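A.B. asks: Chains as they are written, first to last, in the numbering used here: chain A, 1 to 315; chain B, 316 to 940.
Some hints could be false.
Covered by chain A, according to a simulated footprint, are these stretches of chain B (three or more residues, beta-carbon under 8 angstroms) [stated by the list, open to error]:
(1) 401–414
(2) 595–605
(3) 715–724
No lab work stands behind these hints: they were computed from the structure. Bear in mind the structure is a predicted one, so any value in this text is a computation, not a measurement. By construction, the Cβ of each residue, glycine as well, lies at the ideal position given by its N, Cα and C atoms.
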Amino acid sequence: MSTALATPPPPAPAGAPLTKKILTADHPTWCPGCGDFAVLASFYRVLEKLQYPHEKIVTFAGIGCSSRFPYFVNTHGGHYIHGRALPFAAGISLGNEDLHVFVFGGDGDGFSIGGNHLVHTARKNVNLTYVIMDNSVYGLTKKQTSPTSPIGFKTKTDPTGAIDQPINPMRTLLNTGATFVARSHATQVNHMVEMMTRAAKHPGFSVVEILSECVEFYAGAFDSSIPRKGGTWSLIQEKKNDGTPEDADRHDVTDEVAAFKLAGQAWPGSFGVFYESNARKTKNVLEAELVTKARERTKNASDLQLLQSTFSKMR
Amino acid sequence: MVSPNTPETPGGVAAPSAPPRAIHDVVIRLAGNSQDGIQSVGGFLARLAGRSDQDVMTYMTIPSTISGGPSIFQVRMGTGDILSSGDRADMLVAFYQHSYDAHIGSLRPGGVLLYDSDHVKPVEGDNRFTQVAVPITSGTVEAVGGAGKDKGKNIYILGLLARVFDLDVAKLAALIKERFGGKNEDVVRNAMLAFDAGHAWPQNNLRDLFYRFEAIDLATQTSGRPQVTMDGNQALAYGLLAAGVRHGAGYPITPWSSIMETLRTELPKYGGLFVQCEDEIAAISTAIGFSYTGHLAITGSSGPGLSLKMEALGWATMAEMPLIVVNVQRGGPSTGMPTNVEQSDLMQAIYGSHGDTPRVVLSPKNVEDCFYIALEACRIARTYSTPVLILTDMALASRIEAFDEPDFPKLMVDPKADLSDRGADFKPYPLDAITRHAPPGSKIGSGKYPTVTGLEHDELGHPTGSSKLHTQMTAKRRDKIKHLGASLPSPELSGDSAGEVLLVTWGSTWGPGLEALKRINSAGVKAGHLHLRHLHPLPNGLEATFQRYPKIVVAEINDEGLYGYGQLAMLLRARYANPAIVSVCKTDGLTFKVSEIVAGVAQHIASAELDASLGIARPSALAKS
Ligand SMILES: Cc1ncc(C[n+]2csc(CCOP(=O)(O)OP(=O)(O)O)c2C)c(N)n1
Ligand code: SF4
Ligand SMILES: [Mg+2]
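Bound conformation, chain A alone (with noise of 0.2 angstroms):
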């Protein structure tokens, strides 16, 4: 994404700037008081901040209720199948190095059905940035276990309580390579933007895990995080790097190890930036290079004379 060059500045967009009422397309069909749209209103003010040209921007998603969001966002959008939804998006944006892609699903889409598609897109780093709406449970099919379903949770395929070990998002996020990993909380409007603008900005693959309660199947899932039900809300605190004493405690997000200790924490655990780096090219970047490579050999041959040429050697 854009941010990568410090001059000369971004070319300021054409024509309106993006506002929440152009970026608003259907209404959502999301059962009221659904964590989802809180979600939703972070992101136009993600985009309101960021500016995109709006013809740049997509807007992806798998199924699920959290899937349906490219429907309720006024951009260049897709609505796919079932836990496929980033190997998608990795064309798009392999496809197109001027885009900015966004893609939204839930636990149940990119945790198990999506889960090896989530681990092959983050180690290639491809130039993404994925939303996770985490519900710990299967919403749209109506209340099945999910794979973030706490031990002992009723559902309709758990009617006793779950009895499978949930994934731990935090920890399986940063095993799978990705070098942008952060956690939010969808009663944290101010919060959300932040780790979602973060996101967007970060180059390569960025991934935000969103606790977005799904008050139909799983009221009160997260209450043990917001404040105003009795939970604690703790946010990360990232090192300043300014010398003071303080700082020594505080998280540095290039830290792995410390990365899986904030991820090792107990229920309901932190929220903030994980793991960032920029050390690892993204995938976008690593095709080019070959793509310049073989341009220069080739000695910028034209298609045609590539063409003629290897034909000529197979006669």
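Position chain B with the ligands against the provided structure of chain A, taking the given hints into account.
C.D. replies: Here is chain B with the ligands on its own, set in the frame of chain A:
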């Protein structure tokens, strides 16, 4: 097929000075182990034939074990059209006892056995064949010497074959230098030493084994372009490049892999890229993602991989995204027979997703056609904004054929994506026109940006539960494919345009089918041969063609199924409700022999002439009076 030596003179000794006998074509089977470089001898012969404007077709089996193990390469080369790799070999070169044991049965009576006298003991006094003992191993070791041991046996044999068939030594030497030129000079020198030794092997030992291919009728060589030699997977990959495909994604599987390997290597030179994904679902998804950005993309696989792609393929139909999907068919189901050929994925290609998913399915008839079908598939995918499946197979993927170099300046397609501004009236799914997507990056005049989706939708891409819209949109997706069908040219019909029987083939069965027709015709039976490259939608005019024959025999490499019909036959019966349509099927994992097709046709038409030509005796009541 004219035989290189006539059956009447097996082992006949002629003066070494006898002039070479003219032959039309020859089938040589080389049998050894895979590490002996058998494939490369075949490759040299194939490319030499290409450079000499001779037609050539090869057939190889590669052991599915990683390295070592028995391997064969069969090359048929000659003057004029070579349609199949030959039912039986005219010459067998046996490197080992196991090669001899396994392949002597493939040598036709009267054929020539060349065997390595250092390793092989043929059955003594077997006068069905001309047996020629050649000390291949010791001859090579002697010629090359040094540490290489018997490395170079293949080139030794190449030299010997060059002598026997009066091949162009200068051209072969040039090919050897090109092939090994990248390595150090010793390699080229050793190869030439081995070649010369084979070529100079005392000719009186060869008795009368000297042949020369008939002169080429230059009038039939009209293109004026040189011939190129490659396998079907290469031809397909380069066809895609000519068609402007610059993006793709895949996951390795035999025999599809070499297409993705070629594209991964070639595409960066063209400013494109090919992504190796974590699985076939990711691969097709990434490819559709590329297509969505305005760059028609390719994905492909074989057998199991195609099954994995089906859900995403259904999305591409629903969302009306252009896409090229290649299926290099192999023996199924499941992991099946990975290195064998089968045409058993036709129904899957046409119907293999849930819901009503009208699709385009094409199949190339030979190696050259792999190139041209790629161009056609891309044109259709772009024009109709639809996925197009190309059904090729293991036989086409692995065999080498020579064909005229394509006329590239005329064929090249501009790969540029259309990111132009779209008008205020832009709709992704208009009911009265074929979908033309606006890729991200293009401005939409109305300010309302489109959503591409697999949910049923209205003209703007909004989800809908409306029964009326579902009916209309289903028709929209179906009618564009019907429109394509109406525009397709009538398929190739050879032989008699009316007669006792019409033979129908698809895919790589084209060549054996056409050769079978010639045999049937020359037995005195009026017959035609129809070959289908467009399998879905079917081209127009077939109904009228079928009316002109009382029997329509469909030959295909798949099972006759529960109802006694192969997959294409089933489809044609359903489409034309014509009870004259019957099947010749087989499931041995091998390409059709010409004789198998002829015998299959004979079973169905009960023609006395054909029976007589095949030596079949039947109760006379069954034969036609
Ligand atoms: C291949 C496939 N399997 C199953 C489904 C049914 N399905 C749709 S959404 C979903 C799970 C949704 O859960 P999640 O991803 O957590 O999203 P949420 O609805 O909770 O936001 C399932 C199982 C499907 N659409 N496709
Ligand atoms: S079912 Fe749950 S996740 Fe789905 S819209 Fe309703 S509240 Fe939201
Ligand atoms: Mg969920």
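A.B. asks: Please go over all the hints and tell whether each is borne out by the structure.
C.D. replies: Each hint, compared with the structure:
no.	hint	result
1	401–414	violated (count 0)
2	595–605	holds (count 9)
3	715–724	holds (count 4)
When each numbered hint is compared with the structure, a violation occurs for hint 1 only.
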